[in-house]
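S.K.: Spelled out from the first residue to the last, the chains are:
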Amino acid sequence: VSGWRIAGGTGIDASRTVAFEFDGMRCAAHPGDTVASALLASGVRIVGRSFKYHRPRGIVGIGWEEPNALVQCLHPLAAPGVLATTTPVVDGMRLRSVHAWPSARHDLLAFLDAFHPLLPAGFYYKTFMAPQGAWPAYEKVIRRLAGLGRLPATRVRYPGRRRNAWFDVVVVGAGGAGAAAAARAAAAGSTVAWVDDGAEPGGRLLGSPHDPQALAALRETARRLDAMGTVTRLPATHAVTLADHGMVACWQRGEIHTWWRIQAREVVLATGAIERPLVFPGNDRPGVMLASAVTGYLHRYGVACGRRLLVFGRGHDALDCALRARVAGLSVDWADPTEPGGPADMRDANGLADRDGSADQRAPHERAAQAGVTVHAGFTIAAVHGRAGVRGVDLAPLAGGARRSLAVDVVASAGGRTPSLQLFLQAGGRTGWDDARRCVVPREAPAGVSVVGAAAGDGISAVPVPTPWALPGIFTGRAFVDLANDVTAADIALAVREGYRSIEHVKRYTTLGMGVDQGRTAGVNGAGIVAGLLGVPQDQVGVTRARPPAIPVPFDVVAGGEAGDLVRPVRRTAITDWHLAHGAVMVESGANWRRPAYYPRPGETFKQALERECRAVRERVGLYDSTPLGKFEVAGPAAERLLELAYANRVADLAPGRGRYGLMLRDDGRLLDDGVVFRLDASRFWLTTTSGNADLVHGWLEQLRQLRLAGGDEALVTPVGAQWTALVACGPSARSLLAGCTEGVDLSAQAFPFMAMREARVAGVQARIFRVSFTGELSFEVNLPARQGVRVWEALWAEGRRYGLEAIGSEANHVLRVEKGFLSLGHEVDGIANPLDLGLGWAVKLDKPAFVGRQGLMRAAQSDDGRPQLVGLVPRDGGGPFEEGAQLLRVPEGSDGSEARPAVGRRSVGFVTASVHSHVRGHAVALALLEDGRSRHGESVDVTVQAGTGLSTRPATVCAPFFHDPQGKVMRG
Amino acid sequence: VAEANARFDEVLAIQASSRAWPLLAPVLGAALPGEPMGVHHGAGFLLLRLGPQEGWLCCAPERRDALERVVRPAIAQLQAQGVAVSAVDLGDAWPALELGGPDSFDWLAQGCALDARALGASRCARTRLAQAPVVLVPWPGGAGVTVRVERSYLDYVERWLEQARGGSSQMACPPARPL
Numbered sequence: 001v002s003g004w005r006i007a008g009g010t011g012i013d014a015s016r017t018v019a020f021e022f023d024g025m026r027c028a029a030h031p032g033d034t035v036a037s038a039l040l041a042s043g044v045r046i047v048g049r050s051f052k053y054h055r056p057r058g059i060v061g062i063g064w065e066e067p068n069a070l071v072q073c074l075h076p077l078a079a080p081g082v083l084a085t086t087t088p089v090v091d092g093m094r095l096r097s098v099h100a101w102p103s104a105r106h107d108l109l110a111f112l113d114a115f116h117p118l119l120p121a122g123f124y125y126k127t128f129m130a131p132q133g134a135w136p137a138y139e140k141v142i143r144r145l146a147g148l149g150r151l152p153a154t155r156v157r158y159p160g161r162r163r164n165a166w167f168d169v170v171v172v173g174a175g176g177a178g179a180a181a182a183a184r185a186a187a188a189g190s191t192v193a194w195v196d197d198g199a200e201p202g203g204r205l206l207g208s209p210h211d212p213q214a215l216a217a218l219r220e221t222a223r224r225l226d227a228m229g230t231v232t233r234l235p236a237t238h239a240v241t242l243a244d245h246g247m248v249a250c251w252q253r254g255e256i257h258t259w260w261r262i263q264a265r266e267v268v269l270a271t272g273a274i275e276r277p278l279v280f281p282g283n284d285r286p287g288v289m290l291a292s293a294v295t296g297y298l299h300r301y302g303v304a305c306g307r308r309l310l311v312f313g314r315g316h317d318a319l320d321c322a323l324r325a326r327v328a329g330l331s332v333d334w335a336d337p338t339e340p341g342g343p344a345d346m347r348d349a350n351g352l353a354d355r356d357g358s359a360d361q362r363a364p365h366e367r368a369a370q371a372g373v374t375v376h377a378g379f380t381i382a383a384v385h386g387r388a389g390v391r392g393v394d395l396a397p398l399a400g401g402a403r404r405s406l407a408v409d410v411v412a413s414a415g416g417r418t419p420s421l422q423l424f425l426q427a428g429g430r431t432g433w434d435d436a437r438r439c440v441v442p443r444e445a446p447a448g449v450s451v452v453g454a455a456a457g458d459g460i461s462a463v464p465v466p467t468p469w470a471l472p473g474i475f476t477g478r479a480f481v482d483l484a485n486d487v488t489a490a491d492i493a494l495a496v497r498e499g500y501r502s503i504e505h506v507k508r509y510t511t512l513g514m515g516v517d518q519g520r521t522a523g524v525n526g527a528g529i530v531a532g533l534l535g536v537p538q539d540q541v542g543v544t545r546a547r548p549p550a551i552p553v554p555f556d557v558v559a560g561g562e563a564g565d566l567v568r569p570v571r572r573t574a575i576t577d578w579h580l581a582h583g584a585v586m587v588e589s590g591a592n593w594r595r596p597a598y599y600p601r602p603g604e605t606f607k608q609a610l611e612r613e614c615r616a617v618r619e620r621v622g623l624y625d626s627t628p629l630g631k632f633e634v635a636g637p638a639a640e641r642l643l644e645l646a647y648a649n650r651v652a653d654l655a656p657g658r659g660r661y662g663l664m665l666r667d668d669g670r671l672l673d674d675g676v677v678f679r680l681d682a683s684r685f686w687l688t689t690t691s692g693n694a695d696l697v698h699g700w701l702e703q704l705r706q707l708r709l710a711g712g713d714e715a716l717v718t719p720v721g722a723q724w725t726a727l728v729a730c731g732p733s734a735r736s737l738l739a740g741c742t743e744g745v746d747l748s749a750q751a752f753p754f755m756a757m758r759e760a761r762v763a764g765v766q767a768r769i770f771r772v773s774f775t776g777e778l779s780f781e782v783n784l785p786a787r788q789g790v791r792v793w794e795a796l797w798a799e800g801r802r803y804g805l806e807a808i809g810s811e812a813n814h815v816l817r818v819e820k821g822f823l824s825l826g827h828e829v830d831g832i833a834n835p836l837d838l839g840l841g842w843a844v845k846l847d848k849p850a851f852v853g854r855q856g857l858m859r860a861a862q863s864d865d866g867r868p869q870l871v872g873l874v875p876r877d878g879g880g881p882f883e884e885g886a887q888l889l890r891v892p893e894g895s896d897g898s899e900a901r902p903a904v905g906r907r908s909v910g911f912v913t914a915s916v917h918s919h920v921r922g923h924a925v926a927l928a929l930l931e932d933g934r935s936r937h938g939e940s941v942d943v944t945v946q947a948g949t950g951l952s953t954r955p956a957t958v959c960a961p962f963f964h965d966p967q968g969k970v971m972r973g
Numbered sequence: 001v002a003e004a005n006a007r008f009d010e011v012l013a014i015q016a017s018s019r020a021w022p023l024l025a026p027v028l029g030a031a032l033p034g035e036p037m038g039v040h041h042g043a044g045f046l047l048l049r050l051g052p053q054e055g056w057l058c059c060a061p062e063r064r065d066a067l068e069r070v071v072r073p074a075i076a077q078l079q080a081q082g083v084a085v086s087a088v089d090l091g092d093a094w095p096a097l098e099l100g101g102p103d104s105f106d107w108l109a110q111g112c113a114l115d116a117r118a119l120g121a122s123r124c125a126r127t128r129l130a131q132a133p134v135v136l137v138p139w140p141g142g143a144g145v146t147v148r149v150e151r152s153y154l155d156y157v158e159r160w161l162e163q164a165r166g167g168s169s170q171m172a173c174p175p176a177r178p179l
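Chains as they are written, first to last, in the numbering used here: chain S, 1 to 973; chain E, 1 to 179.
Pulled out of the complex, with its shape left as it was, chain S reads as follows (with noise of 0.2 angstroms):
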């Protein structure tokens, strides 16, 4: 280990080693160390390079505050943007610095910050509005220069599990309020979780010598509540979001990560504070970092961050930093911006006396020097010295007067306190500006939350430095206040000068507070540099709006097991195995569903195959699985009157056996959802769904039922889609194919005619027969019980051999309603066209008193002109199908239409909702929406086809929708 490691460090176990690498470099760190604190311990300064100037960026902070050390992990989990202040070093690690090439020591990309004037706040903005269409080119070349590290090109999988929790309290944060917020909790009889950042209890005492016995009480607190039972404390977990009624989402590290959602009644907040920086020319330096991390990396991994330490600031960190640096050896210098003679020498403002009980008096300056600090009382930085780390830094007294030059390679930078409020904001906290204490506090809590201890500005102790826009020369030399995102005062001051006043404009202009810290450091400088160069109080700024998630966490850990296969459900009918053993290629089909698309034999194309089973429907007998149809069964003395409601067809003049096709309406009289409604008996009926929307039309029968419809409580709607497998055989050859498998049922044409239903046995089995189409060909949808659908199309498979039987995907299905104009949500139904549009009109029922859409179908009936209407298209130039979602433009004056031309400048009057190869036909059709398109019939249209980089168009000629069978007279055979 180096000879930046000290003795001591009361984290980490020194007595073993552990090896990682970093930028090619073999380190050495001890168990308990993170990767920040190894990098330190091995006198790497240099991390990273900054985000737009490509600056040389060390560590600053020790938390969850720290804007500039990502990197990107190698080993063992390949993954960017990891924080190195909050991630455990592992033996083995190898790590990488991001934003830098070949290396953050020699970036060459560094060149970037000689051109700084040229690159002002809002440079984006500013420069690649113009010329018009470049932002393409330019986005090549960004893309390359910015980003903070690499995706790894294979998947990395955490191997993680989520968890749910119920607890009465939950507590976030071990430090001494945390401590005591669990333990009041607990003696109150409830169930505490006890979320703890680190691995053992202690918040911020753990970076502290100066409170021994206040983190010995909190071990014996945290002993006895762990003792309880009742107190479930998660070591190394990090609060996320905290949402609505007491939820919060953790992350918890380990071999195994854990998603914890708990649940709970209560909330308590103990978040504590992070320190706040300093802003002064040259503080992005490295080496220039928060005092508290510069103790915090003393006192708990025993690694001195550079020789000669420069305290610069004031307060408790401030003080603090300068006595453990001397304890530790190093030479102390500490320069103090407060005005001599000012608020500075109020002996209160230091705060020690009731912090460490030694009731020790003296003016921190005596005690520092006392402890052998030279303390330059009035000054402020005014240069540091040292590219790729500090060197040194020239100090300015603020009176005015002789320069003083000291030779540091580190800045311990004290600014006061900011309570860290990221979950109480994102649960809707509002919080204002404390001026007594100077910091933010949380001002009004959602229900449920409370905030305890630092977070809430207890112990906050006033640091009368220098407000951040009274530090002479932050405007004119490069003074960052947002390292994560090189955002410089001069930036904000440019900001507004523009005219930027809030300071969520001024956020989203400069991107302060927009990096992967969230702008811990940033927010409160930025806020107070905006007020004061407006010359109003900071309160009247705010703070911006914190979001989730509160720390960055890779999706996997969010997602927990259900990765891979899990990441969704995929349903399945009773026939799927036998589609899989059948060599069907699946595909996803909305509600979760993954249907068979079509069936490739050995070496068929998929073109071919679709041929074969369109053939094979419009020449014999196809069977097509249906299953994922939503079913509902209707029933009770307000059935009738419910689905007269949601209906726009008749449904009361169904005689037993018999149904309609039926169209739902939203209020607005467009298409919500299709499918048939059946009469069983006189009180019951059975009705279909598109497959996508089942749970949708559940809810909204409810809705009807329980809302809208006097009487509704007699109306009884059952789901009951999972009950049955529903089987189609369709063709010519259907009947017959049948006939041979089914027992108690006359299925001809007489007997059981389109639109009826019928009871029988199909291979043994009870089942509904429905005689509905979807392909215009003559059809039964068989519908069984799911626990004997495989065994019926087995038995349907084997009988239909003698008719050569095909099994049909959804592809076929597709092309084959498309030669029908048979309407699909998605395409046709695209939630904005309404019935007439469609050409429906005649499934619509105007004459009917009341339905759901009928004033809004009306009054859009009443402003015909211009509407999208359906039509039927066929190309004019012999070509293939045309795109799906493709323009419909007009044909310009005087053309014959039957050539191509340039798309662009030309108003679209509608598009191609589905295009297909239709096998009947013997060329492509398409199905469309075009303005007035009724009257439009023989007419020419332009479709638009992309044309390399730009659209070109192919002729059409408009037609009826209708490509084969147009009377129906096949599907009522």
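Honestly, the hints are just simulated from the structure, not real lab data. Just so we're clear, the structure is a prediction, and the values are computed from it rather than from any experiment. Errors might be hidden in some of the hints.
[To be verified] To give an idea of the chain E side of the interface with chain S (calculated C-beta under 7 angstroms), a few residues:
1. A13
2. A84
3. L90
4. D92
5. A132
6. E150
[What the hints assert, rightly or not] Covered by chain S, according to a simulated footprint, are these stretches of chain E (three or more residues, beta-carbon under 8 angstroms):
7. 15–26
8. 104–113
9. 151–160
Yeah, the Cβ is synthetic: ideal placement off N, Cα and C, and Gly gets one too.
Since chain S is already given, all that's left is putting chain E on it; use the hints.
M.R.: Okay, now just chain E, sitting in the frame of chain S:
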């Protein structure tokens, strides 16, 4: 995990208006659970009151015919009197998985936002396990829970349970309070 081969595989979904529910009590020979989520253990059957209108009558396959012989005519009689009540067979729709053993509730807690322990033995709940709709019915002795799964999600839920197996023991929480 064992797919319930035995006890209460058959489901008859009873829907009835609020007025009609009390009329069903004499049919089933028992006091019905009045509150939604209530569970009633009858003679050879289980009634899950899943909503104000909805209840599932669950029984073993061999008991099904006997139960239907009692329930169907009684319901038909009520229907003839104009009472809003219906019975629909869902025996194929919601297969049951039985999760037993000391870790079963923690196992479930990895994917279920509702604390099944808080239900106690006399209540059930319709909820989601991972991303699938399920009905949870705790065992009477508290030693396990029946998970009924919408059939199309069965394979997904079985695979989900498999990946979550063993992840529960080291993450046990103190007992929750009733909802």
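S.K.: All the hints need checking, so say for each whether the structure fits it.
M.R.: Now the hints, each set against the structure:
With a cut of 7 angstroms, the hint placing A13 of chain E at the interface with chain S holds, because the nearest CB-to-CB distance is about 5 angstroms. Here the hint on A84 of chain E is kept, as its CB sits about 4 angstroms from the closest CB of chain S, short of 7 angstroms. Against a cut-off of 7 angstroms between C-beta atoms, the interface hint on L90 of chain E holds, since the closest Cβ of chain S lies about 5 angstroms away. The criterion of a C-beta within 7 angstroms of any C-beta in chain S is met by D92 of chain E, whose closest approach is roughly 4 angstroms, and the hint holds.
Taking 7 angstroms as the C-beta contact cut-off toward chain S, the hint placing A132 of chain E at the interface holds, the least distance being around 6 angstroms. Because the beta carbon of E150 of chain E sits about 5 angstroms from the nearest beta carbon in chain S, less than 7 angstroms, this interface hint is met. Note: the segment 15–26 of chain E has 5 residues with beta-carbon separation from chain S under 8 angstroms; the three-residue rule is met and the coverage holds. With 5 residues bearing a CB less than 8 angstroms from a CB of chain S, the segment 104–113 of chain E meets the requirement of three and the coverage assertion stands.
Coverage of the segment 151–160 of chain E by chain S holds. Counting CB-CB distances below 8 angstroms, 8 residues qualify, and the rule asks for three or more.
Hint compliance for this structure: no hint is broken.
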